[in-house]
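Spelled out from the first residue to the last, the chains are:
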Amino acid sequence: MYRALLLISFLVINALILYGISAVLSYLNTGADKSSILHLQAEINEAYLPKIVWGDLQNQGRPMEEQTLKEIEKDYLSAWHVRNIAYKNNDTYGLADYYTDSARVKVYKTIAINKKNKTTIDRTTLAHKPSLDFYSADGTLVVFTDTNVIAYKETLVNNKVVFREKDTTSYKVMMLLEDGFWRIRHMVTIANKKEPAAINTKISTKEIVDIKGLNYYPKNSPWDMYGKQFSDSIISADFQILKDMGLNTVRVFVPYTDFGEANVIPDKLEKLKKVLKVAEKNEIKVVLTLFDFYGNYDIIDWTLTHRHAETIVTALKDYKAVLAWDIKNEPDLDFESRGKEKVLAWLTHMANAIKTWDTQKPVTIGWSNATAATLLANEVDFVSFHYYKKPSAFAASYTALKKAVPNKPIVLQEYGISSYSGVWNAFTGSHKKQALYYKEMQAVIQENKIPYLFWTMYNFEKIPTSVVGTLPWRKQPQKYYGFINSDGSKKASVEYLDEK
Amino acid sequence: MNKISCLWLVLLFLNSCVPVAENKTEAILNATLITKKQEYIAGQKIILKYRISGENIPMLLVENAYGTSLIQGRKEHNEVVYIFPSNYSNRVGKCSFKLIGNKEKLDAGDIYIHPAVTKTRNIETYMGPPSIIAGGKDYTMLVNVPLDTYDNPLADSTAVTINQQFNSAITTTEVKLKNFIGWKNIYAPEKSGRILVSALCNALASKELNAIVFPANATDFKIDYERVHKYADGNQVVSLKTSIIYDEYKNVVSDGTLVNFIIENKEGTKLYASGTTISGIATAKMLHPVVADRWNVTAYITGAAKSNPLLVNFESAVENYKISHSKDFRTITVGPIKSFMKQLVPDGIIISCAIYNQNNKLLETKTTTSRKGIGTFYLDTDFYSKGAYQIKIKSMGLLKETNIILHE
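Those protein sequences? They're chains C and D, same order as listed. Numbering-wise (the numbering used here), the first sequence opens with residue 112 and increments by one. Numbering-wise (the numbering used here), the second sequence opens with residue -1 and increments by one.
Excised from the complex, chain C in its bound form (with noise of 0.2 Å):
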């Protein structure tokens, strides 16, 4: 007994130690990435991409070159991209690159007083509608008129925000061609233009009512849905079920990273494409979820992730089977993270530019409670909420939301329950219990004619660490949602989701 105990205590002191040196060791060799070396030229273009149009390029000048614009564009946006950096750390770098030197003496000033009074000013340009007034002989002066640009900016006092909001200006602009980079020369707010409100106020939500169907992925490739074993075919068969069962709707994630951020993959976008066509076959609609797994919410990436939405919102408005717009899946679990104003300004924001680029498809946030779906429920079109306490409250809580919001559509994004019975839950699921679960669930549903969308078709057999995390307890039950098991057969509740 003491022997063994002395082995053990040896064996584990050893591990420990080697542990520990190949902690050490692991640790040393982080660091800067070798290629950093060589000073590769990052694009500094990628990191802001707000919404620019080049209105009118007649002038009396000289004919602008297509190729001259486009490096007007890139250093004027780099112009606005480096001076939002600059007043949000009150930081000059990079300022002179883009302004001249008279010109950058004006900025400095500027972020001195914002140094002294501890004032940093986050601020993001979101469009710009440039039109060219003149353009020199010789190719090296341009004055351009940029009108009604329209910004987002916080004022902070140490670090707190005392100020936000949305504001638009004109700015007369002149830049000049200084060895490879134009450079701002002069600037001064001008006076607004009027242009019509371009969001249309009255969209149709008559489909959100009929709502009927569930959350969507294909069994084998679960919040992956657009990777390598994409099969429109696995798609169909699936849509055509749901179809038989008498349900109307999917609702369908797209994944801001794996889509490729600003620059929208064009692969995946035609696989989502091909979703929507099957979907159409079978008349199945769909709730298209943006920005799944995104979190980021700085102000310095919203540019980035409006031409992301625009490319997948203006690819897509036309499909018929799109039903909806649902900007972001839980946005309200980011609250803590990353400051409850911030995530409900990028949302308020986003909203108004889908709404700008789709004028017809309505707009929703996919709320986690129903506490949470009362938050800009002036913004979306129709409420959008989740569900996964105990079915004897739900009704409760659909009243309360209901009553807070009384005149827009309420969606029941997402319900549901897990079969799973094993260690973790000490064996407390089942079956029978989920059936019983949507038995309870559809009756209040049709009661109060709730449109809905359960969690979900398939169990699953693999769960990507990214969804629920490593632990067991969290991972293992995420496997049984569906209502149709993973060797195809239907479970119990399929008696209660079958509609017809």
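Rather than coming from a laboratory, the hints here were simulated on the basis of the structure. A couple of the hints might just be wrong.
[What the hints assert, rightly or not] The calculated DSS-like cross-link candidates involving lysine-lysine, where the alpha carbons are at most 25 Å apart (straight line), are:
{"hint": "1", "chain 1": "D", "residue 1": "103", "chain 2": "C", "residue 2": "304"}
{"hint": "2", "chain 1": "C", "residue 1": "392", "chain 2": "C", "residue 2": "382"}
{"hint": "3", "chain 1": "D", "residue 1": "101", "chain 2": "C", "residue 2": "227"}
Chain D: place on chain C using the hints.
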């Protein structure tokens, strides 16, 4: 202590644990702007006065094209005074302000700042391209940006006077500012030279600028040649020379204009020489041919102009030469080759010797150069066994044949 009083105590304790809410519950501030002035001249002090109810002093957010700042107010009697930093009061354009209290906008407005015209400090001038071509089609553009003492561009419609001088003529024009700039295209005169330009705005003068007017494209020209004699001696040099080349406005073309001389000889072979102009004249040199020839010369300035065709004849310098043999016929001596004045040809004249066998088959062509007018060939015993051969000698365009019989 009974149960109820115990409960009260607990409740009291819990109550004291609740964190005290921040003192933000103050009644909504009521702010009235007293300052009515909206238009200022750059450099003037901008002071906004508010009448504000409540104890807290809200901050003023000011913004112009270059940035945004927060200004602290100062309480004076029952007014709150905000002084704009010079970085805002000195910049032209719209300067917007917002009064901020408890994260809310209490008041907002715009101030318009106009340039300090009386303090025009500087005229920035940009002129380009720096060189243009004579003739009135090409132009250079002068762009003026007059600035006030705070580096602000002046208002639209401000007059700018542009003076330009060329040779003895000085012309003055007036342009109006628009979009910060007053600009003028300065067209090239017909004469080449230098245009001097300056600008005036509000009695302030710019620096002197200049543009160089280069002659326009060359027009057709003539060519001629110079040489020491007419013989094809392969030794002297013939100079090909253009006339003075002018553009269409009688300006001598720019020095360094490239002229290509293309020479076609009797056999149709093209020879090529080039020269660049100095004071309008380009010269190229060619070595005399070694054979009597007739050259057809034309000169070109690519894409612009060409010359008249020029004929140059060369006569043969050598009429005849002798071929002699050694006793065994193995050493063949050519020459002495004599030129047009019976002088020996210069060293280095090429002499070739083709050797044929009895079946008229070419065995070898030997080449040598003349030295003191003479060239020799040796037919080695190792290669040429005894027998009859035919020899063809060629030099200075003259071909001579002879039959030899070689012995062992």
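Results for each hint:
Between residue 103(D) and residue 304(C) the CA atoms are separated by roughly 23 Å; this keeps the pair inside 25 Å, and the hint holds. The hinted pair formed by residue 392(C) and residue 382(C) meets the criterion: a straight-line CA distance of about 15 Å does not exceed 25 Å. Restraint check for residue 101(D) and residue 227(C): the C-alpha separation of about 21 Å stays at or below 25 Å, so the hint holds.
The structure agrees with every numbered hint stated previously.
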